[in-house]
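One-letter residues, chain by chain:
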Amino acid sequence: MKTLKISHPTTRSIALFSQLFCLTQCYPDMKILVCISHVPDTTSKINFTNNNTSFDAAGVQFIINPYDEFGLTRALWIKESIGGTITTATVGTAAAEPTIRKALAIGADDAIRIDADPKDGFFVASQLAALVKENGYDLVICGQESIDYNGGQVGGLLAALLNWPFVSPCVGMELNGTTATIIREIDGGKEISKAELPVVIAGKKGLVEEKDLRIPNMRGIMMARTKPLLVRPAVDVAAATATVRFEKPAAKSAVKLISKENIAELVSLLHNEAKVI
Amino acid sequence: MAVVVVAETWEGKFKKASFEAVSYGARVAKSMGTEAVAITLGTLTDNPADLGKYGASKILTLAGDEVATFNNARYATAIAGLASDAHVYIVSGTNNGKMLAPFLAVAAKAALITNVTALPESTSPIRVKRGAFSAKGIAFTESTAATTVICIVPNSVGIEALAAAGEVQAASAQSNGNIRVAKIESVDKVKGKIPLPEAELVVSAGRGMKAPENWNLIEDLAESLGAATACSKPVSDIGWRPHSEHVGQTGIQINPNLYIAIGISGAIQHLAGVSASKTIVVINSDADAPFFKAADYGIVGDAFEIVPKLTEAIKAFKAHN
Chain A
1 MKTLKISHPT
11 TRSIALFSQL
21 FCLTQCYPDM
31 KILVCISHVP
41 DTTSKINFTN
51 NNTSFDAAGV
61 QFIINPYDEF
71 GLTRALWIKE
81 SIGGTITTAT
91 VGTAAAEPTI
101 RKALAIGADD
111 AIRIDADPKD
121 GFFVASQLAA
131 LVKENGYDLV
141 ICGQESIDYN
151 GGQVGGLLAA
161 LLNWPFVSPC
171 VGMELNGTTA
181 TIIREIDGGK
191 EISKAELPVV
201 IAGKKGLVEE
211 KDLRIPNMRG
221 IMMARTKPLL
231 VRPAVDVAAA
241 TATVRFEKPA
251 AKSAVKLISK
261 ENIAELVSLL
271 HNEAKVI
Chain B
278 MAVVVVAETW
288 EGKFKKASFE
298 AVSYGARVAK
308 SMGTEAVAIT
318 LGTLTDNPAD
328 LGKYGASKIL
338 TLAGDEVATF
348 NNARYATAIA
358 GLASDAHVYI
368 VSGTNNGKML
378 APFLAVAAKA
388 ALITNVTALP
398 ESTSPIRVKR
408 GAFSAKGIAF
418 TESTAATTVI
428 CIVPNSVGIE
438 ALAAAGEVQA
448 ASAQSNGNIR
458 VAKIESVDKV
468 KGKIPLPEAE
478 LVVSAGRGMK
488 APENWNLIED
498 LAESLGAATA
508 CSKPVSDIGW
518 RPHSEHVGQT
528 GIQINPNLYI
538 AIGISGAIQH
548 LAGVSASKTI
558 VVINSDADAP
568 FFKAADYGIV
578 GDAFEIVPKL
588 TEAIKAFKAH
598 N
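In order, the protein sequences belong to chains A and B. For reference, each letter of the first sequence is one residue, going 1 to 277 in the working numbering. For reference, each letter of the second sequence is one residue, going 278 to 598 in the working numbering.
Treat the hints as calculated values from the structure; they're not laboratory data. Accuracy of the hints is not assured; some may be wrong.
What the hints assert, rightly or not - A partial selection of chain A residues facing chain B, derived with a Cβ cut-off under 10 angstroms:
#: 1; residue: Asn150
#: 2; residue: Ser168
#: 3; residue: Ala195
#: 4; residue: Lys204
#: 5; residue: Thr241
Even for Gly, the Cβ is constructed at its ideal location relative to N, Cα and C.
Start from the sequences, fold in the hints, and give me the full structure.
Structure follows, in structure tokens:
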């Protein structure tokens, strides 16, 4: 039986001991890092402030980035079937802590908050890369993108900085020994690949289904209060980009209603006005 | 070599998004006073010189085992190695492009700007318009690095015919044995259908269709238009249609030229995935359906009555045009 590369000498003896008693493939030391973004709720009204240079968080409800939730539930399934620990990582200010506590309430074992404003994808990925290099994880799960800045950069940049295999958008994953079988969407289909751990995946629906998403229960919420939430200072890295201003999309003009008795008019409008057929 | 465009292929053929990326790169190059160089990787059956029609002055064709099939890490290393003097790299944000762009940025020590929907506002520094807040905001983002990878949203800027020299030059990729990659085992691609992310016209339906057996109406309409079919989340959740057709925030995000939504109420999560479509037609029996607010054209009425009539009207139109 192959075993994982053990990252910390202190856990080595425990891991070897556990291995002796492990009849099926199990990983007492499987370390999963789930990256959690703290984002405005999907239904939030989006406004900008400071002369349209920053997002106006006033009155906005924040949530766990929906794509990250699929990854968190998938991590819980792994833990429940083969054991291990789940750590969440968030690059954010103290304002992100309620979102992080929610991830703990859903079932993560502990959380790390890297204390910084998440300036851009490269900045965030560099922070996470420093954390991963220091702590050594076997699997890092991100969302395919965050629903606020829609960059879709962090998972890929992180994997590139670590020289780890990267698969995105990931819609399925199974672990067998130290090998991950990963399904991703390609344009008009799916691709199945295999990678040796450690890997970074960037997931979405499919990693687990929406109906399977875990929600915090009362016991989870109570336990989350005492689970470790470690705050780490950011490493000194400059962002590679700066957003200089925001705009709101132009308001859509009122819908042109067409009588159901006059379908030909729609066809004519699509041809002559919209010029799409 | 100031502007380098990655021209993606599938089974040896250029993707439409690659022509768009090349013509985008050519226009960026022009505003920087330089030329656009396209790079192709892997086996080609299309003629690489075709990229000259979209503004590529030079086309570098990379072949060999290292790049025979797509791998984001190997491709990124090969491209950065070949075009180390590039100031701007252009990648189309297809599923493969989105996996390649971050690796290329790290390999080329470049800034990465993704989800870009327009030509740069400025090329010194590079400043581009990009989608943010799931179609509820627009960001203007600047690169603070000397080199920038711009990843554009497919079908957002369009293809432009721009004649250029299109000189083809074979290149060889350096192998790098230290790259850790995921190895592709198999690919399952739907044959004979237009892939949803690439479709210019999309016909989509929701729970208003009442049962999966009624989808022949949707497929007939799609066929009359040459459109791809899509569906809302509830429909894929209950298994009426495959998950691969689910468009919306948690499904596939699309921006076709025409999106026809039939029997879909228009929840905000759905709109987040489709509102970048250039023209939206909504057909719904409920005149108060929120989707009408996001639509360009609407018909209030019973889909079972309207959709077959629309299919006939499209066929009649196609017969005369």
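Quiz item: For this structure, which hints from the list above don't hold up?
Solution: Failing hints: none at all.
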